[in-house]
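Undergrad: Single-letter residue listing:
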Amino acid sequence: MTEPERIAGKPSWTLGSGLNFAAAILLAAVAILTSRGAHAADDVTLSLTLKDHKFDPAELHAPPGTPIDIKVKNLNDIVSEFESSDLHFEKIVPVGSEAVVHVRPQQPGKYNFYDDFHHDTQGYLIVP
Amino acid sequence: MLAALLIVFREVFEAGLIVGIVMAVTSGVPRRTVWISGGVAAGVLGACVVALFTGGLSELFGGSGQEIFNASILGFAVLMLTWHNVWMARHGREMAADLRATGEAVAAGSKSLAALGAVVAIAVLREGSEVVLFLYGVAAAQGGASFAMVIGGVIGLVLGSLICLMTYLGLVTIPTRYLFGVTSALITLLAAGMAAQAVAFLEQAGILTALDETVWNTSWILSDSSYPGRALHTLIGYVDQPTAMQLIVYAATLAVIVVLMKLFASPTQRRPHIAAAE
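Top to bottom, those sequences are chains A and B. Here this note's numbering is used: the first residue of the first sequence is 1, the next is one more, and so on. Here this note's numbering is used: the first residue of the second sequence is 129, the next is one more, and so on.
Source of the hints: derived by calculation from the structure; they are not laboratory data. Bear in mind the structure is a predicted one, so any value in this text is a computation, not a measurement. Wrong hints could be hidden among the right ones.
[Stated by the list, open to error] Derived Cβ-Cβ restraints for the label pairs, each shown as a range:
no., chain 1, residue 1, chain 2, residue 2, range
1, B, Gly272, A, Thr49, 23 to 33 Å
2, B, Gly272, A, Gly65, 47 to 57 Å
3, B, Arg305, A, Val95, 49 to 59 Å
4, A, Asp52, B, Thr304, 57 to 67 Å
Built from N, CA and C at the ideal position, the CB exists for glycine as well.
Chain B with its partners taken away, still in its complex shape (with noise of 0.2 Å):
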């Protein structure tokens, strides 16, 4: 029952971080619950699917397709990171002053609800898998699954969910006019965080091997497999031994959406003399 209990929650808890930013970020958009309610579910189905076609997976690209998958999906979500960030910095700053104002306010945080269901049914499909493989695969071992797996596995995802909900909770505490900024920078590092794991695939698959020298050890600080290591490598991408390309592509991720952001930023944001003056 524990070992069931302790990866429903490892697993739910990592993507349970993700929902509840994109809740807090979402926070006044309409019908929004039905997007990310939607997302998760789609999540869930796909992880099945994946866990069910995980052999076939495995053996595709010479044996890396497990690799290539997750750092596709996850650079898939970077896009989609980026393109909420970009979106909103274009029409949402009028959200910043009142995040139940003007239609346009509110049609702009819309469109981009359909790029964050995607960013999180990806969250949830990637550590969905791995709990569906491992309950699926006791409960066929022992013959059905028993009840104290069940038990465990509820426990599990109830705990995990709590997480959610006080990380939303706590978003949601902070003045509406900062709420912008600190989402944006949330999504930011979640999306440069993502795009440095992606990495991490692809070096384990040995497809990428440059730069692969170890540039600091923080493991005795914080350990990434211990929960606030983990919490914070699912928040920012913390890793206790990053390689130079990890830092690299982190950074570039960084400053990429930073500079399309400022590239997009709405007109008024950029040119304040001339609003002022019209």
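Chain A with its partners taken away, still in its complex shape (with noise of 0.2 Å):
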């Protein structure tokens, strides 16, 4: 067999560094973004803390249409899992910290969030 084996000759090696250098693009890129600052100026914060395996509030109101940051701090005696299926975020948050989570613009409605980690810990998004 005498056909030319171009590009198919060393596919791992070829195919290896390809990735390789995607993947640096890719981690470059996400340092340039990072140091940016990620929560841009014009999102809606809203702060909240988990005390007592209770949200306070347990009501947040965003408008609709708009990002929304929201800012939880962990007051209770054990880590939490900030989670919610209809604002599709989980972040675990270790005791005494702050976390954030980015939501993307909101329809009217109402959302729930929770502990993970202790269901018993509901809250609400109220989109009016």
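Reassemble the complex: the two chains are provided individually, in unrelated frames, and hints are given to aid placement.
TA: What follows is the structure in structure tokens.
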């Protein structure tokens, strides 16, 4: 068999380099994007605390069509996972620390969020 | 006990689907159980390490450490799955004929075991770190692991492992000549789903906010937090409210993998008339 092997000659070497290059570009992009500061100034920022396994406030309000940043501070004595199926976020919040999650603009409605490690802890985001 | 059972079951179930697929994909390749078990063990160890360093990790990158970590390891898993598919497209066609055939086919399968082992480790690490954090947290708060918690965790582990077994058994009933095509497709969809999941983490961190419109809402048909929804989420990347960016990255990942597989396919596949004439 004498057909030329072209790119197919050393697939793992070329592919490996290609993938490494792509990964490096991606990492550089992320580094640049995060250095800018992740949360835009025109987002609505809502804050709540988690204490004695209750959110305070348990109801948040935000206008429709605006990106939202929700900050939660864990004042429980145990790690929590701040999560919402409706709003599509999940983030571990260690004891004593504050976590921020960015939520995409929402239509009017009532959206549920909770502590995945303690399901009795429930809260709602209300968008009029 | 129920809380521990449910959390352990849910996370083992999601990781178990991936382990089951990888076991089926490597069926017939020698020592693959060693590599995959190694991947699971590495994942468990990694989960403990991640759980230990969660505090520090969360603070990195201006509070976006968790999301960037998750997006990065998912991205790495996508690269590993892509490599596997392309490698098998180059060398694995022979395996479609007979999984226990030539030394070259078997050797080809072995080379991708490290890549698939890494994918398994990543899946177990991601799901496992939540389990470790939860169980450790509960134990610490109540002054030690209660018997109920341990039992709940063990039952959850057993049930979740059953899912892995069922996935594997279901896949290996596929006739050999179709198995290669089916597993390639499964791996491609798995990779596309993971890429979209990585995007979701970056959106959650507020790093990637372009094209964040919700394109459709199928939560009334199947919620991605229900068990069938989670299965579909793990297997093909189903999300009930995808953003435009997630869909674009999903489609792009599918396209890139398919194109790379065709580009690197073995010469006899690309020019069957020449091979026949030899």
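Undergrad: Against this structure, judge whether each hint is valid.
TA: Right, here's what the structure says about each hint:
A hinted range of 23 to 33 Å for the beta carbons of Gly272 (chain B) and Thr49 (chain A) is consistent with their spacing of about 28 Å. Taking 47 to 57 Å as the suggested C-beta distance range, the pair Gly272 (chain B) and Gly65 (chain A) conforms, at roughly 49 Å. Distance hint for Arg305 (chain B) and Val95 (chain A): a CB-CB separation of about 55 Å, consistent with the stated range 49 to 59 Å. For the pair Asp52 (chain A) and Thr304 (chain B), the supplied restraint of 57 to 67 Å holds, since their beta-carbon distance comes to about 59 Å.
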